[in-house]
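Asks: Here are the chains, one letter per residue:
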Amino acid sequence: MELLLQQVMTGLATGSVYGLVALAIVLIYRSTDVINFAQGQMAMFTTFFAWMLLDGSVLGHHIHPMQFWIAFTLTLVFASIMGALLERIVIRPVEGRPILTIVIVTLGLFAIFENLATWSWGGIPKAFPPPPEIHVSGITFFGDGALDIGPTVISYHDLTIMLVAVGIMIALYAFFQYTPVGLAMRGTAQNSVAARLMGIRVGNMLTLGWALSALVGAVGGMLIAPLVLLQPPMMMGVLLYAFAAAVLGGMDSAPGAVVGGLILGIVENLVGTYTAKEYIHVDWFGPELKLTAALLVIVLVLLVRPTGLFGRRTLRRV
Amino acid sequence: MTRRRVIGFALLAFFLLYWIPFSHIFPDWVPFQLGSYRIFQATTIAMWAVVALGLNLLTGYNGQISLGHGAFVAIGAYTSAILMSDYGWDNNWLFCCLTIPVGGLITGAVGFLVGVPALRLTGPYLAVATLALAMSTPQILYKYEGLTHGSQGINVTLPPLPGVVDSVLNQTQWLYFLALAIAIIMAIVAWNIVRSRLGRAFVAIRDSEIAAQAMGISVPRFKTMAFAISAFFAGVCGAVYVQIIGFVSPQSFGVLQSINYLTTVVVGGLASILGSILGAAAYVLVPEINGLLEQLHLPATDQAPGVIYGASLVLVMIFMPYGLAGSMHRLGKMKIPLVRQNLSDFARQIGLGGSGPRAGSSAAAPAPPKDAHPPRPPDGEKDSDSS
Amino acid sequence: MLRITDVHAAYGPILALHGVSLEVPAGSIVTLLGPNGAGKTTTLRVVSGLLHPSSGTIEFEGRRIDRMAPEAIVSLGMSHVPENRQLFAELTVLENLRLGAYIRRDRNGIKQDMEQVFHYFPILHDRQKQVAGTLSGGEQQMLAIGRGLMARPRLLLLDEPSMGLAPLVTREIFEIVKSINQKQKVTILLVEQNASLALAIAERGYVLETGRIALSDTSANLQRSEAVRRSYLGY
Chain A
1 MELLLQQVMT GLATGSVYGL VALAIVLIYR STDVINFAQG QMAMFTTFFA
51 WMLLDGSVLG HHIHPMQFWI AFTLTLVFAS IMGALLERIV IRPVEGRPIL
101 TIVIVTLGLF AIFENLATWS WGGIPKAFPP PPEIHVSGIT FFGDGALDIG
151 PTVISYHDLT IMLVAVGIMI ALYAFFQYTP VGLAMRGTAQ NSVAARLMGI
201 RVGNMLTLGW ALSALVGAVG GMLIAPLVLL QPPMMMGVLL YAFAAAVLGG
251 MDSAPGAVVG GLILGIVENL VGTYTAKEYI HVDWFGPELK LTAALLVIVL
301 VLLVRPTGLF GRRTLRRV
Chain B
319 MTRRRVIGFA LLAFFLLYWI PFSHIFPDWV PFQLGSYRIF QATTIAMWAV
369 VALGLNLLTG YNGQISLGHG AFVAIGAYTS AILMSDYGWD NNWLFCCLTI
419 PVGGLITGAV GFLVGVPALR LTGPYLAVAT LALAMSTPQI LYKYEGLTHG
469 SQGINVTLPP LPGVVDSVLN QTQWLYFLAL AIAIIMAIVA WNIVRSRLGR
519 AFVAIRDSEI AAQAMGISVP RFKTMAFAIS AFFAGVCGAV YVQIIGFVSP
569 QSFGVLQSIN YLTTVVVGGL ASILGSILGA AAYVLVPEIN GLLEQLHLPA
619 TDQAPGVIYG ASLVLVMIFM PYGLAGSMHR LGKMKIPLVR QNLSDFARQI
669 GLGGSGPRAG SSAAAPAPPK DAHPPRPPDG EKDSDSS
Chain C
706 MLRITDVHAA YGPILALHGV SLEVPAGSIV TLLGPNGAGK TTTLRVVSGL
756 LHPSSGTIEF EGRRIDRMAP EAIVSLGMSH VPENRQLFAE LTVLENLRLG
806 AYIRRDRNGI KQDMEQVFHY FPILHDRQKQ VAGTLSGGEQ QMLAIGRGLM
856 ARPRLLLLDE PSMGLAPLVT REIFEIVKSI NQKQKVTILL VEQNASLALA
906 IAERGYVLET GRIALSDTSA NLQRSEAVRR SYLGY
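From first to last, the protein sequence lines stand for chains A, B and C.
Going by the working numbering, the first sequence opens with residue 1, and the numbers climb by one from there.
Going by the working numbering, the second sequence opens with residue 319, and the numbers climb by one from there.
Going by the working numbering, the third sequence opens with residue 706, and the numbers climb by one from there.
What the hints contain is simulated information worked out from the structure, not anything from laboratory work.
This list has only true hints and no planted wrong ones.
Computed from the model, here is a short list of chain C residues facing chain A with C-beta under 7 Å: (1) P775; (2) E776; (3) V779; (4) S780; (5) H785; (6) Q791; (7) F793; (8) L804; (9) Y807; (10) I808.
Under 8 Å between C-beta atoms, here's a sample of chain A residues computed to sit facing chain B: (11) V90; (12) P93; (13) R97; (14) V103; (15) I104; (16) V105; (17) L107; (18) A111; (19) E114; (20) L116; (21) L240; (22) F243; (23) M251; (24) T292; (25) L302.
The model shown is predicted, which means the values in this text are computed figures rather than measured ones.
Glycine residues also receive a C-beta, built at the ideal position from the N, C-alpha and C atoms.
Here chain A stands alone, though its shape is the one from the complex:
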């Protein structure tokens, strides 16, 4: 039982990262109707940027390595600008075109980012430092220790991943729910013609959507980088799980993306643990297939609810 709870806890931590990236994907999908297959590589790219600042080697020149949170913030700024520019230059011209066209464009971005990262920073994996310890009123954030919660132990890093993820989700929720710009973005996503008639500059809303999404992705990348080594294919696994999470929760549901991410994190962990040789004695299934198993879960869910757990059923009008 304790092992189960432990695995669930760890699963929740990785699941929060999947949820974050899934949130970024859903954000773009809801505001611009685009499925951004390059999301993971964009996050990877911005994480490399952060690494560059932290390591002090900016493309061959040496600078003083930065304090973690300064680098973190600068990276967020960089990510937002990058996202905004991408929307303006690459996505805007194909806006309104059929879905496949846009899919290919994002796949092209995927290839560009992956290769550009390898070109700039090399293919050798690098270690990404975790955030430094902070002590706030007796509670330690980040750092190497662990917290005991009942029968389980959760590392500080995992704990803060979850907290940061939740924090971002709350911030986004507040933004969309309570600010005029957030409201305008929601409206634009539903009906861009009406939005224009309200005086909303739809183009700016789209750009903002991409900037936000890149920002969220950047956070996800920096949170998970200490756990996996930083290399160009780093985000591939995360991206695919994030996609699966977004689909599982329903492509147009932000809470769905988060829930989907958590579920997948847990499932992945449980399958990884409980299908090892000591638990089941079949040869044809095992921890190596945990990716397959998680994805089987998705397919099964989609069969029952084709638009995801929380997705809206689209009306079929004749």
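Following the hints, complete the assembly by docking chains B and C onto the known chain A.
Replies: Just chains B and C, lined up with the frame of chain A:
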């Protein structure tokens, strides 16, 4: 047949049947020689064209996005490789060639099975589900190593050429003609499908499932058939791959490969036989850019082809949304250079003159619901219902 | 206030308006009538900037607006309540109204106008937290008009407010439209298929047929005219 067409065909036949396979043995003073490496490239183009044709039938003509065709190619390839190396089918060429239809049929059956659950999914959901399929493929191949030899992969040895052939061709040329023959056969099959009732049903379903249903077309039947046929093509491609490359491993059939198949088809031109072939050609020839870069003294790192490939995907989609084949079609009809017109469109769109996204007619027309419709070849107004 | 001069407009290769000219004096209600497909909605779209005319001019309060984007035109004091309402279906009534005031910065003015809207349409006040897509047809039309009013426009473009609504509700809405014009001095250009209701509240009318103005007169004369009675009023 017009005279121009006959000449065109004759030239094409000459190029394909004589120039490519034989020009490398000409004396040096003969112009336009293609080295023997080119024969290999041409062979791979013919091979990839087959899977492109199949995927185009599914996605271009039938509107179902598949990011998972790597799985199907893998099934065909592994079927062929296993038959050849573990069951002795590599003893003579007849059996080797037989692995091709066998691989195709088995893959087709699996494709049908995949097509059934795919009925419930549309658009992004189908894309991600097929992506999931592509992701799982290497894992499954690694896992069941009793059958697949796991991470070692399977090495096949090809039998010696039949006596009759041996005197005229070397193995490279023989494989070229084999691949070419298969590609031509499959292209004819695809051509016939497109022009038949089956093809029309596919297109009807793509454009409006509801209308198709109302016309009496059994949508589930045809959609699963599209998957099956498309998988068959992919399986054939996989089996041919084994003959040509001689080696398969789980890494040959991963996510990136699957994605490449789709981009190949879209860049070449959806819903177009020619497009599939052009796409395959582009896919094989784009890495050549590295050589060009070296000549221009630009950085020609290993990643350059990747970046250029990605950038060309983006540029092609922006400026040639109908793919290479579509643009050729349009250029043939239009007097205005396509590029110039689209550049000014592009400039306007990113805000250098004009405000925001396209103002004007595209905003005035009610926005059609987003769905999996690929752009059609430009011979009619695009007018789509939901699906 | 609004002057359209010899406007031609097309959707791609399809010509919709062939030289339409009309005038809307400040403070009045002018109606644009005509059968389906005549180009009435197109005319409104051209005025509000959703469609650019291929030739001709459009002047609003003396200023040319025919090349401006809709976002800019709204801030000049014109509001377009489109055909089929085009509400933000998943947002609440309140959120729809708030977005109507998106371009405004004066908090108190916005609050006042919202109360005014609730005064005209009390049912919207009762349902303010309800999601717009779940309202009835009549309520949606009220919300659409209310949302248009939230921009405090001097000119309101109304596209077929009666579409799909029961007669009683339609009459109620038209009365409210009339009082909006009278009490708040909002000029109204009303596109309608329901000619009798429209002519009852308008001062002037234009009849559009296949992209051209066929008739233009005071509404009293139109109501009496043989041609209009036969074709549009049914007697």
